[in-house]
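Going by this note's numbering, the residue at position 59 of the sequence shown is 59; the numbering climbs one at a time, nothing skipped.
These are calculated hints, taken from the structure and not from any lab test.
There's no promise every hint is true.
Stated by the list, open to error - SDA-like cross-link-like pairs, simulated, lysine to any residue; straight-line CA separation at most 25 Å:
| # | residue 1 | residue 2 |
| --- | --- | --- |
| 1 | Lys113 | His98 |
| 2 | Lys88 | Asp68 |
| 3 | Lys77 | Glu33 |
| 4 | Lys26 | Gln75 |
| 5 | Lys54 | Asp68 |
Unchecked claim - Okay, the calculated beta carbon distance ranges per label pair:
| # | residue 1 | residue 2 | range |
| --- | --- | --- | --- |
| 6 | Arg109 | Ile66 | 19 to 25 Å |
| 7 | Gly12 | Gln50 | 15 to 21 Å |
| 8 | Ser2 | His55 | 31 to 37 Å |
| 9 | Glu33 | His55 | 18 to 24 Å |
The C-beta atom is built at its ideal place from N, Cα and C for all residues, glycine as well.
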Amino acid sequence: MSDLLKRLDKPGVIACSCVVQGNNVKATSFPKELKNYETIGRQAFGYVFQNVAKHHAKHNESHLEIGDKRLSGFQLKPGLLLISLSRKDTNIMLVRQHIHEIHRSFIQRQAKKNRKT
Numbered sequence: 001m002s003d004l005l006k007r008l009d010k011p012g013v014i015a016c017s018c019v020v021q022g023n024n025v026k027a028t029s030f031p032k033e034l035k036n037y038e039t040i041g042r043q044a045f046g047y048v049f050q051n052v053a054k055h056h057a058k059h060n061e062s063h064l065e066i067g068d069k070r071l072s073g074f075q076l077k078p079g080l081l082l083i084s085l086s087r088k089d090t091n092i093m094l095v096r097q098h099i100h101e102i103h104r105s106f107i108q109r110q111a112k113k114n115r116k117t
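Just need the whole structure built from these sequences, with the hints factored in.
Below, the structure is given as C-alpha cells:
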C-alpha cells in the first residue's frame, strides 16, 4: 500500500494521501501537522460511502473543501477508501485523472499478482 501512496502523491496535484480499510488507516503519507485532515477525511468519507452502500448507489467519489484544502475520497472497493489532500485551487480534473490512472495500474498489478499465485 505504501508503494501506491508513493506513486499517488504528486507535487502540485496531491500533497498526501492514505488508504483506509474499515476504520483503520492501512497506509498514510499524511505528515504529523496534517493528521487532522486525515482524521476528518476518514470519518467523513467513511460515513458518506456507508450511506451510498445503504442506498445501493454507485457513487465512488466525494470531495470536501476545508479552508484552502480539498479532501478527496475514492472508494476503491467496498470497505477500502483512498483519501487524498490537495490545495483547494488545484484543478479537480487533474486530481481525478491522476487518482484514476494510479487506481487502474494498481488493479492491473493486483491481477498479475493473483495470476502468479
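The hints, checked one at a time:
Simply put, Lys113 and His98 have alpha-carbon atoms about 23 Å apart, close enough for the 25 Å limit, and the pair holds. Pair hint Lys88 plus Asp68 holds up; C-alpha atoms about 5 Å apart against a cutoff of 25 Å. Of the supplied pair hints, the one linking Lys77 and Glu33 is violated, its CA atoms being roughly 29 Å apart against a limit of 25 Å. This hinted pair checks out: Lys26 and Gln75 have alpha carbons roughly 14 Å apart, not beyond 25 Å.
At most 25 Å may separate the alpha-carbon atoms for a hinted pair to count; Lys54 and Asp68 exceed this at roughly 32 Å. Separated by about 32 Å at the C-beta atoms, Arg109 and Ile66 break the suggested range of 19 to 25 Å. Here the CB-CB span from Gly12 to Gln50 is close to 32 Å, at odds with the stated 15 to 21 Å. Our hint of 31 to 37 Å for Ser2 and His55 holds, since their Cβ atoms are close to 33 Å apart.
Our hint of 18 to 24 Å for Glu33 and His55 is violated, since their Cβ atoms are close to 36 Å apart.
Of the numbered hints listed earlier, those contradicted by the structure are 3, 5, 6, 7 and 9.
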